[in-house]
Amino acid sequence: MGGKVTCTLGEVKNRADFIIYWGGNPAECHPRHFSKYTLTQKGKFVPEGRKGRTMVLVDIRETMSAKAADIFLQIRPGKDFEVVTTLRALVKSQPVNRERVAETGVTVEQLQDIVDRMKRARFGVIFFGMGLSMTRGKHMNSAGILNLAAEMNAFTKFVCMPMRGHGNVTGADVVLRWTTGYPFGVSLSRGYPRFNPGEFSTVDLLVRGDNDAALILGADPGATMPQPAIDHLGRIPTIVLDPKVTHTSRLARVHITTAVTGVSATGTVYRMDEIPLPLRPALQSPYPSDEEVIKRISRAVAAKPSWIPAPQSATTAFA
Amino acid sequence: MSLTIVKHATCTFCGCVCDDMELHADGVRIVKAKNACSLGDAHFKYHTAEHLYPDALINGKPATVDAAVEAAADFLYKANMPLVYGLSNVTCEAQRGAVALAEMIGGVVDSHTSL
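Those protein sequences? They're chains S and L, same order as listed. Okay, so the first sequence: first residue is 1 according to the numbering used here, each after it adds one. Okay, so the second sequence: first residue is 1 according to the numbering used here, each after it adds one.
In isolation and in its complexed conformation, chain S is listed as follows (with noise of 0.2 Å):
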């Protein structure tokens, strides 16, 4: 997510008056997050608290979260990338097809009014959730609307932020990237980060059958990933480490259970907009945390002899 034009949701807060979700149900996926930091919640230089913000929804159907929205543009099922470059170009002034616009669910008029608005925000936001990114076009979609963020600060301030799901993921990211230089699918096979997704992405490893052993920790694949990549799971020496005894964990040669993060174990969690926090838990639990569990994994596998052949000078080599 290198160059992305983004913020924290204080800022969101205390300054975006123009919001647009794209792609995903707040209302019922991220509960607080209206009321805590984007649409209710009166800023400093929002003082009218909703009444001084605009909210768009852009969706394929009309969920809950249409109900808190000013405007709501339907648009047809995989035609965000189509959307998202129209609104890109009527940014530009640029013309447009009024029939090939059509086919998305929208008119021209919609979107020229959408972009009008964006222009007239003093601080403008889009929040976009796997409705966007994990549909047809996928990471082109994510690109598209990073880019019209980007491109509408040539008007007025506007920023943009993934919707993330789990709790930590947004941390999952993060620690890779600072370890590793790459935000997921990252090959330490050679010795050194490689990143390429599609061949170091789970899910085509998986279906590949390129694994011959697999570590799952705060996930459960075995209820979420296509059919292919469960049946590797099985195949292959799998070991889960989990608060409960998972579908992953029936597939699985080792199981082990650990304390719940956030309710029986400590640590450091990210936000969606990468503020880490600390976590205080209320409960003492009877199994060991997560990050105990890899320790002593680790530790395991560190008594063993290293699988990289100790380096050899071009001179002993020959002598």
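Some hints here could point you the wrong way.
[As the list claims (entries may be wrong)] Subject to a maximum C-alpha distance of 27 Å in a straight line, what follows is the list of computed DSS-like cross-link-like pairs (lysine-lysine):
1) K78(L) x K295(S)
2) K78(L) x K304(S)
3) K44(S) x K32(L)
4) K34(L) x K295(S)
5) K36(S) x K119(S)
6) K44(S) x K78(L)
7) K36(S) x K67(S)
8) K44(S) x K7(L)
[Unchecked claim] Covered stretches of chain L (chain S as the covering partner; in silico rule of three or more C-beta atoms under 8 Å from a C-beta of chain S):
9) 11–19
10) 25–36
11) 42–56
12) 59–70
13) 76–85
14) 90–98
15) 102–114
[What the hints assert, rightly or not] Listed next, with one range per pair, are the computed distances between beta-carbon atoms:
16) D66(L) x Q284(S): 32 to 42 Å
17) V31(L) x F195(S): 40 to 50 Å
18) H24(L) x S306(S): 16 to 26 Å
19) S306(S) x K61(L): 24 to 34 Å
20) N153(S) x E50(L): 48 to 58 Å
21) F155(S) x G27(L): 52 to 62 Å
22) A100(L) x P286(S): 22 to 32 Å
23) M130(S) x K7(L): 27 to 37 Å
24) N14(S) x L52(L): 40 to 50 Å
25) G49(S) x A100(L): 29 to 39 Å
Please keep in mind that the hints were generated in silico from the structure rather than gathered at the bench. Just so you know, even glycine gets a beta-carbon here, dropped at the ideal spot from N, CA and C.
Guided by the hints, dock chain L onto chain S, whose structure is given.
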């Protein structure tokens, strides 16, 4: 039994990571999660400090954590292309450890982001 009250606790259910929870716990379970939304409330009340599951399983049979750690280390060490996947519902400290382990075993490390 008196309740322990933890103020400014952090909820890790969704990406909002709200840090204004007030948790009332009786030592075994959280009985009240003030400020939590419906999802967070269910999350805090569902997870207890009870010993509901075996410490570890090897081939589906209860085992000690020590034996399971050894077995896990063996499998990962012997593999040519091990995968370390998930990392979403664990702390940054555990994620850091997982990356170090992936480097040690020469594997691939990946999260939900790639889905």
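We went through each hint and held it up to the structure:
no.	hint	verdict
1	K78(L) x K295(S)	holds, 18 Å
2	K78(L) x K304(S)	holds, 10 Å
3	K44(S) x K32(L)	violated, 32 Å
4	K34(L) x K295(S)	violated, 34 Å
5	K36(S) x K119(S)	holds, 26 Å
6	K44(S) x K78(L)	violated, 58 Å
7	K36(S) x K67(S)	holds, 17 Å
8	K44(S) x K7(L)	holds, 26 Å
9	11–19	holds (count 9)
10	25–36	holds (count 5)
11	42–56	holds (count 12)
12	59–70	holds (count 6)
13	76–85	holds (count 10)
14	90–98	holds (count 9)
15	102–114	holds (count 13)
16	D66(L) x Q284(S): 32 to 42 Å	violated, 21 Å
17	V31(L) x F195(S): 40 to 50 Å	holds, 45 Å
18	H24(L) x S306(S): 16 to 26 Å	violated, 49 Å
19	S306(S) x K61(L): 24 to 34 Å	holds, 32 Å
20	N153(S) x E50(L): 48 to 58 Å	holds, 52 Å
21	F155(S) x G27(L): 52 to 62 Å	holds, 57 Å
22	A100(L) x P286(S): 22 to 32 Å	holds, 26 Å
23	M130(S) x K7(L): 27 to 37 Å	holds, 33 Å
24	N14(S) x L52(L): 40 to 50 Å	holds, 44 Å
25	G49(S) x A100(L): 29 to 39 Å	violated, 46 Å
In this structure, the hints that do not hold are numbers 3, 4, 6, 16, 18, 25, in rising order.
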